[in-house]
Every structure is written in C-alpha cells, then in structure tokens.
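Between the sequences and the hints, there should be enough to build the whole structure, so can you do that?
Per the working numbering: the sequence shown = residues 1 to 464.
Hints were generated in silico from the structure; no laboratory data involved. All values reported here derive from a predicted model rather than from experimental measurement. All residues carry an ideal CB built from backbone N, CA and C; glycine is no exception. Hints are supplied without guarantee of correctness; some may be wrong.
[As the list claims (entries may be wrong)] Distance condition first, Cα-Cα at most 16 Å in a straight line; then the derived EDC-like pairs of lysine to aspartate or glutamate:
id : residue 1 : residue 2
1  : Lys-284   : Asp-354
2  : Lys-253   : Glu-308
3  : Lys-458   : Asp-410
4  : Lys-424   : Asp-104
5  : Lys-47    : Asp-338
6  : Lys-127   : Glu-449
7  : Lys-47    : Glu-439
8  : Lys-172   : Asp-120
9  : Lys-98    : Glu-439
10 : Lys-98    : Asp-436
11 : Lys-47    : Glu-353
12 : Lys-86    : Asp-104
13 : Lys-458   : Asp-128
14 : Lys-86    : Glu-353
15 : Lys-284   : Asp-327
16 : Lys-458   : Asp-436
[To be verified] Distance ranges between label pairs, derived from CB positions:
id : residue 1 : residue 2 : range
17 : Gly-183   : Asp-163   : 37 to 47 Å
18 : Tyr-286   : Pro-73    : 26 to 36 Å
19 : Ser-184   : Gly-403   : 34 to 44 Å
20 : Gly-399   : Pro-272   : 29 to 39 Å
21 : Asp-410   : Gly-359   : 35 to 45 Å
22 : Thr-418   : Asp-131   : 45 to 55 Å
23 : Ala-456   : Ala-266   : 40 to 50 Å
24 : Ser-328   : Arg-358   : 14 to 24 Å
25 : Lys-172   : Glu-439   : 32 to 42 Å
26 : Gly-399   : Pro-101   : 39 to 49 Å
27 : Gly-89    : Ser-258   : 14 to 24 Å
28 : Gly-399   : Ser-328   : 40 to 50 Å
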Amino acid sequence: MLSFCDHNYRNGRREFLRVGGLALGGLTLPGLLSLKAQAAGSGTLLKNKSVIFLFMHGGPSQIETFDPKMTAPSGIHSETGEVATKIPGVTFGGTFTKLAPLADRMSIVRSYRSGDSRHDIKPIVHKDTLDANLGALYSRVVGANHPENGMPTSAVLYPQAIDEKMMPAITKFGKFDSPGQMGSAYAPFVPGAGGDMQSNMTLSIPQNRLDDRRQLLTKLDQARWAAEKSDTFAAASELQQQAFDVILGGVSKAFDLSDEDPRVVARYDTAPLVRPEAISRRWKNYQRYVDNAQSLGKLLLMARRLCEAGCGFVTITTNFVWDMHADSNNAGVAEGMDYMGVPFDHAVSAFLEDVHARGLSNDILLVCTGEMGRTPKLNSRGGRDHWGNLSPLMLSGGGLNMGQVIGQSDRHVGGPQTEPIERKDLVTSIMHTLFDLGELRITRGVPNEVVQVATAGKVIPGLF
1 MLSFCDHNYR
11 NGRREFLRVG
21 GLALGGLTLP
31 GLLSLKAQAA
41 GSGTLLKNKS
51 VIFLFMHGGP
61 SQIETFDPKM
71 TAPSGIHSET
81 GEVATKIPGV
91 TFGGTFTKLA
101 PLADRMSIVR
111 SYRSGDSRHD
121 IKPIVHKDTL
131 DANLGALYSR
141 VVGANHPENG
151 MPTSAVLYPQ
161 AIDEKMMPAI
171 TKFGKFDSPG
181 QMGSAYAPFV
191 PGAGGDMQSN
201 MTLSIPQNRL
211 DDRRQLLTKL
221 DQARWAAEKS
231 DTFAAASELQ
241 QQAFDVILGG
251 VSKAFDLSDE
261 DPRVVARYDT
271 APLVRPEAIS
281 RRWKNYQRYV
291 DNAQSLGKLL
301 LMARRLCEAG
311 CGFVTITTNF
321 VWDMHADSNN
331 AGVAEGMDYM
341 GVPFDHAVSA
351 FLEDVHARGL
361 SNDILLVCTG
371 EMGRTPKLNS
381 RGGRDHWGNL
391 SPLMLSGGGL
401 NMGQVIGQSD
411 RHVGGPQTEP
421 IERKDLVTSI
431 MHTLFDLGEL
441 RITRGVPNEV
451 VQVATAGKVI
461 PGLF
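Structure representation (structure tokens):
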C-alpha cells in the first residue's frame, strides 16, 4: 500500500524508498532500475512488439469461421453459409461479414491442428509451455514489469475485468494466469481479480488529506528532498515521475475504459449485438453467452490500451463459449455462431480498424484460436463435436505478412491437405515476433527451458 508519514522526515531515506517501491507486484526501486539497465543492454533481443492472444475457449469450428468449404456435402459445409472476402477466391463463414472486407489484414492458416480433442487451454498454457502462460515465459525474459512505468509485462483478461458481476473464470481446464515453472513472480496480472497489484493501484489515502494530484506531488517532493544527500538522490526525479504516473494515471489509466474516447468504446462494444433476451435460456451456458456478448469488444479495447502502455503479452478469454455440441450445455453451430460469431466479427474488426488508424498494426500481433476444432460432420442435433486434427487459426499484424491463406484443408475440412502446422510452430512464430530467437539463445539469464519452448517449432511458412 502507498503510504506517507509526517514525522519531519527524520527517516527520509527509508520513507523515500517506501514511496519508491510502490509495492507493484514486488517491483522495488532497485528492481526497477535493474530492469531498465537490462533493457538498455538487450541489443536486438526485443523487437518492441506486443501480442494479444484471443483464446476461443471450448474449441471453435474451423468450418463456420475461416474455412466454410461450401463445395463439401450438406452436413459438412458451413451451416452459416459463406461470405466473400477481399482476397479473391477466399471466403469466411457467413457471420463474419465485417471481417471479410479486412481479410487483407490477416493471415488465415487452414492447415493448423492442435493435436488432440481434449478440453484444456493449449497452446496458451500446456505442459509443452512448462505449464506456464506464454506471457509468463515472455515476462521471464523481459522482467515482470515494464522498466519505464511499472506496467505488468503480461496480463490475462476475463469478463470480470469489464464488470465484476460477470461470472468468474473457469479453471477446471487449466489456469490462464499460471506461471508454471517460471514461479509466481512472473504470473500474468489479472485485473478484476482483487490481487495485490490491483489493490496497490488504488490510492489508499483519505480524501481530506489528499484531494488532488498536487498534494501527492508535494509529498513526493518532500520525500525526495529528505533523501537529497543520500545515495538514492540520483534516482529521485525519475522515481517521482514513475510514482506519479503509476498511481495517478499511468498504469492504472490503461485499465480504465472511461478514459477512452466514448466513440471508440461504442465502436468496440458488442453488447448491443446480442441482447440477453435474444439468447435461449435452455442452454446451461446461457450466462456465459451473455457475458461474452457484454464483454468481448471491451476486452479487446482494454488489451489494445495495455499494449500501448507497455504490456507485451495479453491473453483474452470469455469463459468456454465455443463448445457447440448442441447438448444441454451448448447451442449448435448455427445458433451458436449467432451468439459467438457475431460479437467476434464485430470486436475483431473494430480492433483491426482501430490499430490501423492508430498506426499500431505492425506493433501488435493478434492471434485467434482455441484448444481444438470441431468435427467435419454435424451430429444429429446440429452441433459439431471435439476434433483435434484441424483447428481455425487467424493472425493479424505484428509486422508479419498479411492478406493470405497459408496451407489447405482436405475436401471435408477434417485435416490438413498440405504440410500440417503444429502447436509448437505457432508458439515459435509468436516468440519470433517478440524476440530475435538467435539472440535469445545467447542471452545470459534466460533459462534454457524457456529457449527450448521458444525454438521447439518452425516459424509458420509465409508469415515472416
């Protein structure tokens, strides 16, 4: 907790360090300056890119998303039809009417397979990633907090980041914020989870003692002058700015959508597209469908804001809504794509247009996939079941080559017809976007296990 004392600053150096530490996830002044020094000396290791991984939990259909295959027999081809894209001869599933004109800003991989049909949270967290979120691996290389402003370098966004009344994260299939073998110091930050760092971003000083920013600055000035003759004075001015920015508008503002232009918020907002009353209550997943529609667009907006503020890896998930079996829990694919596909189409298209307008397309890589795909053949209820031999994968931005389809599926959209792209290839491609992998191999202090995860696959052909 940030605190100040008024006892004439006789213990000025100690007080200065207490203000300077800010308790930001264990980030102290020495740690902050050390991280900055490391970053300055990192050479070409970091590519100054960020990744947003939109995890489509439950297993999205490859057919109703990016590979409709209308030439396949009825019962296999897309139940939502198809829509022509900006790429000649390439179509998307029928609910992706806003994404289709933006296909030149995407790479669609039609030969990607997740490898099995189990519900878990691969490839974002898996034994192959040392049981750690990919963002935790990133943080293990660059540090848990940004060296300039203390922003967490990895974050996980659930619907509760938008509204705490929404349903909590599903954890029975894996924990998205798992640091795995990296240790808890590198766990992704989860806004809305009430953790230490989040509570420390709230200014815990009575309003009658601190009613505006000038008074905080005065307190920091007093602490700085008390430490003037100590060995911490050289860092005082920088620390003052960091403390001021982090507590009153730097890091914490990135999580506050009320600070965004209302027109931008409205452009992202998916809530008007699928109202709760339009969703059938027969499905046990009803409330998660509602939460997805209410939160998805704003989660992508928040992710963009975090990346702008220095977060290097953001994971988004809206809680297991893509499992379209048409059973008691889940809708079938036609109805389910009305609930999931329409908000996805709107939110992702808003994101692509927004980052393009802001000149951020080359700086942020968006990855969209899930833990598996769906069966080529519809079941008797109009749903598709678990399928690990082919999964949808879309990438956009990050300075990669866009406007293409990579690989091809077979005629029934059940497996790759061309060379398969595996999970490890996706992970290596993501890490290659963030790091110079050659430099990563020789960077001191990076665990060999992290290097092995980052380099286990091959980069996806045509992306780089």
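Exercise. Of the hints given before, which are not true for this structure?
Worked result: 1, 3, 4, 5, 9, 10, 11, 17, 22, 24, 26 and 27
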